[in-house]
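J.: Each chain, letter by letter, is given below.
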Amino acid sequence: MKNYYRRSYAYALSFALFLTYNSPLLSQNQPQKTISGIITDADGPLSGVNVQVKNTARGSISDLDGRYSVSASANDMLVFTYVGYKLREVAVGTASIMNVVMEVDAQALDAVVINAGYYKVSDREKTGSIARVTAEEIERQPVSNPLAALQGRMAGVNIVQTTGVPGGGFSVRIRGRNSIRADGSEPLYIVDGIPYPSQSLGNTEVSNVMGQAQSPLNGISPTDIESIEVLKDADATAIYGSRGANGVVLITTKKGKVGKTTLTLGTTTGVGSVTRRMDLLNTEQYLAMRREAFANDGISEYPANAYDINGTWNQTRYTDWQEVLLGNTAYYNTLEASITGGSINNQFLVKGSHRKETTVFPGNFDYKKNSLLSSYTHTTEDQKLRLRVTGNYVSDNNRLPTTAFVHPAVNLPPNAPALYNENGELNWENSTFSNPLAQLAANYRSQSSTLLGNGNITYTLFKGFSVSANLGYNEIHLEESNTNPNTVYDPAFGLGSEYSSITANTAKRSSWIVEPQLEYEYQFGKMGFSILAGTTFQSETRFGRTQYAMGFTSNNLIYDLSSATDHIILSNKEDEYRYNAVYGRINLNWESKYILNLTGRRDGSSRFGPGKRFANFGAVGAAWLFGDEEFIKEGLPFLSFGKIRGSYGSSGNDQIGNYGYLNSYIGTGTSYQGIPTLQPANLYNPDYGWETNRKMELALELGFLKDRINLTTAFYRNRSSSQLVGIPLPGTTGFPSIQANLDATVENRGLEIELNTVNLKNENLTWTTTAQLTVPRNKLISFPNLEGSTYANQFVVGEPLDLALLLNYTGVDPQTGLYTFEDYDGDGNISFPNDLKKPVRVGVDYYGSLTNTITYKNLSFDFLLQYVKQTGYNFQYTSAPAGFMANQPTEVLDHWQQPGDQGFNQQFTAGFNEDAYVAYSYHSYSSAVVSDASFLRLKNVSLSYTIPKTALGVGCRIYGLAQNLFTITDFIGMDPETQSLGQLPPLRVMSLGVELSI
Amino acid sequence: MKKLIKKYKTKSVSIIIFTLALSLWSCEDFIEVDTPNYLIGNDVLYTDAKTVEAAMLSIYAKLRDNTLLTGDAQGLSTLLGQYADEFDYYSPYGLPEEQFNKNALLASNTSVAQIWDGSYNQIYAANAILEGVKVPYFSQEEIAQFSGESLFIRGLVHFYLVTLYGDVPYIKTTNYLLNQEAHRDKVVDVYQYIIEDLETARTLLPPNESSGERVRPDQKTAAALLARVYLYSQNWEKAAAMASLVIENTSWETNPENVFLKESPSIIWQLQPEFDGRNTLEAGNFIFETAPPPTRALTPSLVNAFEQGDLRKEHWIGTVTDGTQSWYYPFKYKHQAGEPTNAEYSIILRLAEQYLIRAEARVHMGDLSAAQSDINLIRTRAGLAPTNANGNEELQNAIMQERRVELFSEHGHRFFDLKRTGSIDNVLGNIKPGWNGDDILFPIPQKDLLLNPNLQPQNPGY
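Protein sequences, first through last, are from chains A and B.
With our numbering applied, the first sequence covers 97 to 1094.
With our numbering applied, the second sequence covers 4 to 465.
The hints are simulated quantities; they were obtained by calculation from the structure and are not laboratory data.
One should not assume that every hint holds.
[Stated by the list, open to error] Covered by chain B, per the in silico footprint, the following chain A stretches (three or more residues, Cβ under 8 Å): (1) 672-683; (2) 694-702; (3) 758-768; (4) 775-781; (5) 829-835; (6) 922-931; (7) 1005-1016.
[As the list claims (entries may be wrong)] Label-pair distances were calculated between CB atoms; the ranges are: (8) L989/A - D428/B: 32 to 42 Å; (9) E145/B - D462/A: 53 to 63 Å; (10) V190/B - T649/A: 47 to 57 Å.
Since we're looking at a predicted model, the values are computed, not measured.
For every residue, glycine included, the Cβ atom is placed at its ideal position computed from N, Cα and C.
This is chain A alone, in the form it adopts within the complex (with noise of 0.2 Å):
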């Protein structure tokens, strides 16, 4: 969120100002006329207008529905301003009735009016935690997934992309874990008052090339979206209730606008390649490493399967593995058009998008992606009612291959064979090769598409009185499958089209809502008051059937499950949720200055068991504008705007799986005699409840300098207690955990720290600068009885959740040449689990992020720089002992070599030395494989140049845009963000974009 444009606001005000008082009064002998009408904004009525005769006293200001009278006569100008908006003049003449638009001023600070859900409320007068990113800088971006356009752009929400595969997902914690389960820590999302699912349809067996299931935002176009606000404190997430624990994002489309219908024309273009790649051995480095491994470990035959060294392969090949595998270039291809445009009572938006992007995998795989925005809006004449539809579909299609190929390329001998033969076969290398491009013909496809629908009546009562509907469905339909053909084995096994398989996944959630709302509004002296009351009902099915079939007459009858000879359901359900809830809120604000606002939420769910199903929520804000008191103005004038706003409450966590109070059994997808069998559901809890999550947030908001700097710092401390987890159980139980409510407070503690400062500004060239800083802390304050729970290993009261314990690492035994540990128990031998008590913390210290943007007059640069430091797991936590047959990073070639060495690696082993085998072993679970993971990134880059319209009415923008430019890092392995060594690094983009609009 950028609120750099605050300076303007004031030079507005006090033009108008300037207009109210010095002006001679010249027009009082004119015949004095009423001039009635209504003003209105492209959302809709505005109220509080202020409408002055130009160059007199007399002025009015418009009511809750927009209208306004004022006498003038016809020579007179009227003068339209209101904070945040472009000032308007127009002249009387004839005219009687005068319906005035007015255009939002995208400089001014108050413009920003905030969607925070159920209401609205300008930037300057919230009293919660709202972080927003806009259109433009989501369009700055070129990615495919909403969630990546708000990686870095707001304090307090750490979204971490976890691979770099198309239609992969992301993990979004907003102000850090709260619960002790590593899920249930999603965010609410809501795209246009509709609540959408943060759980996938997907099948994680299905789309194991992406790690996890596709993510549910593919279902939302980046360029679609208008803004994002993402919700933090309480008093911006109670009246979310139960569902508010983990922060709220809200995601508002875009819209049609009033003005002359106008038509937008972009197609972009683009590429993209692996972020980072590991620095590995070279054949020469690499086979040495083997022989001397042989060598330590006594051996002098090589022995019948290491190829690489054995004499079978060539010694002298040398592939880049990652290249060849990872280095491929993918394509991204853009096509947009947009119409727009409306009248005050109605306005309409038609929006229609393609995206298509390959991989940098080799072989021809893609994403598509088709959406199509309409809105339409319309306002009766009287402004009494107001109705909007809005609806958007968006379908995607992927195809990739079912691995990511990243562990052959990091694995694979560098010396391997090549990958095809003279005859352009498929190289097997006499069976001793494993190639991995035979996986390619094994195919990931999806398709999705995703319908939402919503409708939103308001209809005003009378003056301030409003009621209002808002109606939404949605419906995602997901059809996945995974092949794996017989081609994907070696030939010489001599497996046919009957061992070919494919599991496929069908998916379909649909969910209606319907919430009607009443809205009362007063303005009682100097005292505002603003009342809100709402009711909720939602229904959400969701259902899902994967199937295996194997045994195809041929493999291009591999997609029809019906030419198979067999045949397994391994699921078929069908959920529902129910979900009912009573909200409200009561606002008082007294003259801008001091703000009250209370929300609250009554919640049911039929993820509870009976009488457990309901619960209350609420939260109490307020603000106090001390920038606005006589004194302060007067005693600090260089100090422009100063706010201090504070919130305590609590919302809840209903993130669970349906049914679990439910005692029961369930189909296992197999069979036997012939029977499908059935088997206990899991272990059932009839008792438990709400999971409780208090925030409490105190904020200070400065701007200084006419608000050419702006600072908000802000302090939170959420407390999630009744925590709701799958307590996980012995195996002695025959499940791995019960659904319960565990006796524990998750403290996550933090400070956000936000700079926007105005470098530059003149008439041609502006200069801005944004800097945010998070410092998340996360804490275990109380577990009653940790010490006799099934936690009693795994954390530890005053530490955060995020600590693994781990052997203590002690290094390369001189001696040995083999990796030692600390033998906590002194029992001699390192033993499990009584050895692994080093606690080492796996996870985020802080984060932030820098963006500047620079304006000279037609030509705007923005770029953003992320910065994140963190632990995480290096590569060493699951690559092969080195000496082994796998390659390995350059890293290893520091390692003991004779008596007296030390070194980052122990001796090489081939395998055949058992204490170094073990000492291997116990090294991936020490505190060896946690290191630094902090990296700094130039996450995004873009350069636009706006083309002054021409004699044709045309207007021209060409840009370039950058994602993931350069890392830096000391992170020992692929990419410090996935961190994974079985996941693709995110991709750097370019891209190159050209815009039109008619």
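Position chain B against the provided structure of chain A, taking the given hints into account.
T.: Okay, now just chain B, sitting in the frame of chain A:
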């Protein structure tokens, strides 16, 4: 204001009433959901023998597909074959199986945890049925059948657990509050519980399995398992008695080529493949056609252990050669997936073992000639001359040798035999560099020690 209100009174009142009416809906009713289509409540399941049957069968399906007895790489046939001296490891580095081959198990090994978790999950399912089948919904016959099968399963799974992990909790309830803090029972006690369960099962189970395919346990199955349990607990008389009981009621397959076909009369209990033409997981897992082998191969020492002319070597071992070197795989099961019908099922208990159990028991009981005749029956089928072993020790060695070549790659017999006869350190210590005396027990899975401190201490050496 008053005017305004009046003007809109009718409309507003009606709208407000409508809104309020909607709010009144906000009650328990709206958020009431039905039991979903894929769940069946225990209250419904335990009223119908058909649904209990489906619950019972899931245990056999899991034994076949998931842990302990499965023929795929997660089962004991593979893992204990690697752990002892039956298999050499050829897969890429890093599979859990590799730690078995190197006798370098860590308490965090995923297969060690899977065996543990999967076993107790099956025990839970058996206990749930034991607790669930009650009058008046079920007849006495139905209760006997389901309870007998459940007790058999509970005994069988605990038997493997105690032989792998040593002292283990014997779980007799579904109550997780008790089970989550279970203590380890002493090995002797566990054996006692196993015997109690199996003896009770033997009285409850039907004399003959109803399908005729021997795919579910009957009295003979329980007796056959009891023979083994008594043998392992060195109760020679009872071992011999139980084995005799089985032998008297089972025909002997004389053709080594037919021993593993599903119709073979000497089969006591086998697990039916999931669907027609699937055949056994063992075949798919063991058979390979390329040289060198992609995953694992029989050790040369096992292949060389066969006497000259042993038909079992000819029929039960497959060979792949690259021209200079040969590799071998278990070829007991020859039929793979993709065939029109199932020719073979996965055999869990078969008659040859019963003869060898009785032979061993008879040696300990001093009845050497009867022991010789039991051994010779098996040798004859293999095309070998009668044994010339004489005397107690020679005969014991002959039985061990016969067990090695008869029962190889079947659920870890080799490992268990070496272990219970005390010869394991001598045998494996000489050929496996990673072997040490503590390896006779698996580690208790690390996560379980962490979650339930009552399982402490860890087995020695881990």
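J.: Does each hint hold? Answer for all of them.
T.: Going down the list of hints, with the structure as the test:
no.	hint	result
1	672-683	holds (count 7)
2	694-702	holds (count 3)
3	758-768	holds (count 10)
4	775-781	holds (count 4)
5	829-835	holds (count 5)
6	922-931	holds (count 5)
7	1005-1016	holds (count 5)
8	L989/A - D428/B: 32 to 42 Å	holds, 40 Å
9	E145/B - D462/A: 53 to 63 Å	holds, 58 Å
10	V190/B - T649/A: 47 to 57 Å	holds, 54 Å
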